[in-house]
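Following the hints, put chain B in place on chain A, whose structure we already have.
2 protein chains.
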Amino acid sequence: MPVYNAPIKDTQFILHDVLKISESDIPGYSDLEAEFTGAVLEEAGKVATNVLHPLNVVGDTEGCRLENGVVYTPTGFKDAFEQMKEGGWTGLDMPEEYGGQNMPYVLGTAVGEMFSGANQAFVMYQGLTHGAASAILAHGTDEQKDKYLPNMVSCEWTGTMNLTEPHCGTDLGLMRTKADPQGDGSYKISGQKIFISSGDHDMADNIIHLVLAKIPGGPDGIKGVSLFIVPKFLVKEDGSLGERNGVSVGNIEEKMGIHGNSTCVMNYDEATGWLLGEEHKGMRAMFTMMNEARLGVGMQGLSQAEAAYQNAVEYAKDRLQGRDVTGVKNPDGPADPLIVHPDIRRNLMDQKSFTEGARAFILWGASMIDKAHRSGDKDADGLISLLTPVIKGFLTDQGYDMTVQAQQVYGGHGYIEEWGMSQYTRDARIAMIYEGANGVQALDLVGRKLAQDGGKHVMAFFDMVKTFSKENAGQDEAYDKAFIEPLKVASKDLQAAGMYFMQEGMKNPNNALSGSYDFMHMFGHVCLGLMWAQMAKAAQQALDGDASDKDFYETKINTGRFYMARRLPATGMHLARIQTGADTVMALDAASF
Amino acid sequence: MPVYNAPIKDTQFILHDVLKISESDIPGYSDLEAEFTGAVLEEAGKVATNVLHPLNVVGDTEGCRLENGVVYTPTGFKDAFEQMKEGGWTGLDMPEEYGGQNMPYVLGTAVGEMFSGANQAFVMYQGLTHGAASAILAHGTDEQKDKYLPNMVSCEWTGTMNLTEPHCGTDLGLMRTKADPQGDGSYKISGQKIFISSGDHDMADNIIHLVLAKIPGGPDGIKGVSLFIVPKFLVKEDGSLGERNGVSVGNIEEKMGIHGNSTCVMNYDEATGWLLGEEHKGMRAMFTMMNEARLGVGMQGLSQAEAAYQNAVEYAKDRLQGRDVTGVKNPDGPADPLIVHPDIRRNLMDQKSFTEGARAFILWGASMIDKAHRSGDKDADGLISLLTPVIKGFLTDQGYDMTVQAQQVYGGHGYIEEWGMSQYTRDARIAMIYEGANGVQALDLVGRKLAQDGGKHVMAFFDMVKTFSKENAGQDEAYDKAFIEPLKVASKDLQAAGMYFMQEGMKNPNNALSGSYDFMHMFGHVCLGLMWAQMAKAAQQALDGDASDKDFYETKINTGRFYMARRLPATGMHLARIQTGADTVMALDAASF
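Heads up: the protein sequence lines correspond to chains A and B, in order. The working numbering puts the first sequence at residues 1 to 593. The working numbering puts the second sequence at residues 1 to 593.
Please note that a few of the clues may not be correct.
It does not matter which identical chain is used: a pair holds within one copy or between any two.
[Claimed, not checked] Under the rule of at most 20 Å between Cα atoms (straight-line distance), these lysine to aspartate or glutamate pairs were calculated in the EDC-like manner:
#1 K178 to E278
#2 K9 to E314
#3 K223 to D180
#4 K550 to D589
These are calculated hints, taken from the structure and not from any lab test.
Excised from the complex, chain A in its bound form (with noise of 0.2 Å):
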């Protein structure tokens, strides 16, 4: 049985001694002090310990069952969303005026961390329900506001999000589904849809299902695409449940993980819809959540490596195999514990190096979503923009990675699935692919967001880490070397496969894309860099200061210092791949594969 604890000392320290949320002067910011963020993660963390963790082992074992249209969740699951309900955990994050507790996103996220550690699979109901509920939030009319939110905020109701058909994920142009206008304001949508999370089950009363379709008659490909609300059962004036719509679960997938996750198919046959948002612009209401939901994903990433990495560090300690080279560590045992050996030392320092810097750069990323929504700031949204494909295709790629180190630590007992360690890699491999595969965050990222605003995020991003080496350098040399000057390489790096991209990209598009994914890995390398170089600024101005958890400090330096010199080189080898341009890449016909 895998264990679960909350990271709750790591995310104080980059809440208070590295992001020093509460002095921000992000409106609801300067609420978040180190006392009360640390009571509610304290809380959280039970939770996430004693409530969902039990459940995941449980979920991936039994599955969802679907027995004459109803899809039933694992066993226990409907407690602990009870529990997750009455412990208000549900809204934390979403208004007061409807039922939340309005707390920023940062704090959001780093409850959302523990919980998804926990049960990944659990969690996305919730999950699934919290960004249905943005949407109607950033574009739903007042009347939809009143009449969904409130049960969608305290997870009466949950939500979901319908894009993908059996034909067209990507390239959602191609939809059929479609949504016939009845003249009374509502629509009668018809089609099938696929890979819908949390698409049906017994924890609520009612599922508010969103989903894209095409008005007949309106504009070709994804133009033409409009997003509506179509709830399960159909809403009455008062807020009670009428009738059944027509929708219903065609099936539930059959999948390499996240078991405890009812993915349907869904169809829709005359199910009556409303309009959310204007007419033809349901992929602009889409992508205003996508920073959010990306982000959540990636730090979906973030959340399996770290509970894989908690139990493959027992692990390491516990087994005795093998004696240390450089002299026996446990002479009244048969044999070492697996942590003395070199490379299980690499594993594990890979690891905890990449948990500890994503949980930075998430928390970072989520506290510039609060300043662009909460202080309408255009730098802060622009510069999450760009850095969200980054956080969602890096974290999640190299998250996925480290589950299959955190795996192997356990020789054979890793693939068994007694240990639990397989579910960690199972359940990370979809934050790989949904929320836009990470080959499509590459394009995004190199194809969009590198030229959005005439480059000016991408700059801005440049700029600050510059600002950031100059104003830390020189003060102390072990500093510079481990921190100021491998992040100085890794960015050097990174601005040359910008320049190679403007340069050659003009001659060919392809010479720019076919680098895309080894720049969007490169570019993640760089935020690490960057938050080490933080991190261990703040770990020694506490070293410095009265800390009295020395050793904490010194390990997180200590982490930072492998990260700069084992992982940051990467930048090297992702930079030369992509100075090769499209040639190698597009050199075949299509039929000499």
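The following block gives chain B in isolation, referenced to the frame of chain A:
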């Protein structure tokens, strides 16, 4: 339903254009002319595609079941096993005197890739038998050989290898299973073994377990381990089956993949066994088969990557999604096929250039094993010993990554089980673990093989690369630039890493061991770089000659150019990591993780 096509043309190219096997003076090789091997591969390909492949998903879905102590394999496995036996495939490279066909190992390996690519879990029943039979062949008495080998070569009886126990995997010195001598040449074996592939099943009349155990009173640790033959049913003097031995299945493990293979907990309760080889020399007996067994696992890394790749290509050609940014390619369709997109190309080229390079590497390795065994060539034996951990560790890591990339081409369809892509990933995962987890391979490479025989073999490898570069440079500028130059750079990186280990490892062995995993990977890249340089040369020679299929050879050269340009630069990153030594890897106390 996934597809599988045997890569006959690619295999023939390697065997004849690159390795030129029929011109070799290794005994038995002169028979291996292109027409002959082509016919064998053609037949093997039919078995793979028509008999084994259709059962791959069946095996995954049904798994094996244990009922009243009896293990049942999935539907169709028994029939398919009969067909393998009838076709004589089980004894292809086994000696004629025991009913085999005495073909060289290189041909057995080429055929093995096809069978394994079609159905890894199934082929393991035969693979383990092959391994056990090889051990008896190498270490058994004439009586033992006569008693067991004919039925094992024909797979009337299958075999298993019993090493792991619950508390010990890599560190077999901790073993508890004991073997009490009975004074009549037999022993009573008692203990529990876990993770026993093909441990029991319903496809053979008898199962010959090879079991590592300790004879009481022998040396401590690994030096007191002996190897025993423990048949499921005792074999009478006349060769007929006698009473059931004291060995039983405790459980079938639930695993991430290879569900079609019965991975058993085996309980030995005073089971009768006979010593194989010498007392307390059990590990030596195991090690003589290690190169073959590990090459076989490396081959699984290739085979799953190849199978996954074939399907990813098919999907990328069929699935219409988005438009080529440089101009519409499929104007009559609603969208262009995925394969027009540069990042999909990058992904597919990664896979293609890996599988073709890996195949050359493995077949070259297999020919070295033939040279060592059939010609008694000590240098070949030394070189393949050096390269074995690279073949096993690098090819299974990369092979796994490639199945993940193939899955990614499918987007959401890669995550649901319906399309079969998840299975390739789940099946491929085990190869990184069994037959020595890849971290142990890296340790074997750096801690043992590099310095073996005074470093003679690694020097021979570098000489080989240097000689090849020298002999083939200066004739064709494009070839030099695309192949010779990158190969030189990568080889220089590898040498620099080896030099670092020598110098810094003297001071502290952890400086070398902290970089062992990176070294294994950079070594693998250099080997694949060498393979590609050789393949490109052979392809160019064919083009310069009268090759009719120009596309095939041009594609070969272009695929090689991709590998050299896009994959080989990884060596620089690995070197940079290695040169940071043990400092950051070993900085933390165990308690600080």
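Status of the hints after comparison with the structure:
{"no.": "1", "hint": "K178 to E278", "result": "within (16 Å within a copy, 76 Å between copies)"}
{"no.": "2", "hint": "K9 to E314", "result": "within (18 Å within a copy, 49 Å between copies)"}
{"no.": "3", "hint": "K223 to D180", "result": "within (17 Å within a copy, 79 Å between copies)"}
{"no.": "4", "hint": "K550 to D589", "result": "between (60 Å within a copy, 13 Å between copies)"}
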